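Counting from 1, position 162 in the sequence shown corresponds to residue 567 in our numbering; the numbering is continuous, with no gaps.
Because the hints were derived from the structure by calculation, they are not lab data.
Don't take each hint at face value.
Stated by the list, open to error - What follows is a list of derived Cβ distance ranges for each label pair:
#1 510 - 602: 16 to 26 Å
#2 605 - 578: 15 to 25 Å
#3 544 - 584: 44 to 54 Å
Stated by the list, open to error - Here are the computed lysine-lysine pairs in the DSS-like style, where the Cα-Cα straight-line distance is at most 27 Å:
#4 559 - 430
#5 414 - 600
#6 484 - 430
#7 442 - 484
#8 600 - 572
#9 572 - 442
#10 508 - 559
#11 559 - 572
#12 572 - 618
#13 508 - 584
#14 559 - 600
#15 508 - 430
#16 414 - 508
#17 414 - 430
#18 414 - 572
#19 559 - 442
#20 484 - 584
#21 484 - 618
#22 572 - 584
Every value quoted in this text rests on a predicted model; they were computed, and no experiment measured them.
Even glycine gets a Cβ: it sits at the ideal position worked out from N, Cα and C.
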Amino acid sequence: MLALETSTKVCSVALWNQGDLVAYKESDDQEYDHAEKLNPFIVELLEEQGLRVPDLAAVAVSRGPGSYTGLRIGVASAKGLCYSTGLPLISVCPLQAMLEMVKQERNGLNSDCTYHAYLDARRREVFASSYNGFGEEISSVDAIVLDENEPIFKQQHQLFFGPGADKFESEIPTDNLIKGIYPSARYMGGIAFRKFENQDFADLAYFEPFYLKDFIAIKAKPKFNRRNT
């Protein structure tokens, strides 16, 4: 199975075999250059493993929320691969993939804790979802604006992670912040394989990224030429 993750500045591609990671490629330059890197990553990864796209069982892709442009690039590539080969398409929430990273980095979850996954949505807004200590979603994905000195940051047994949490590092106590967590194709396989077993496939004809927020283009300020008088 091939997994594509493009919801943030990190672009990653991974190959999975029945829930086990085989190989991956990942950028870490913190620039939105997915259009240049994604397809070469796919080609290189398959060639290194001696595989072709038709050899795959499915293609998994991050569905969002996240970067509007990044999601669009990832979904377009995934749908193109599926259209050309007839492979099923599987969608994965990047917030859930981050929870998988937390599980692996910390050797499991603490049943006494609540886990809050945050993706940056600019300023004090984040894309958020919360999970109990058994990995079950208790608050569905939403865009929320966090208050100054958010009270929940300092409550016991509340753990925060993801790029949206890292930007509040100065406000979240060290014991409540799990740093260095981000969406990666390296952690999509378990979720995607469970969906594959249940034949929980996306409708290829109608599937679109889950943006959650409308895209807002920022217009450049007009330039005025000053004439010498």
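Which of the numbered hints above does this structure break?
-> Violated: hints 2, 3, 4, 8, 14, 19 and 20.
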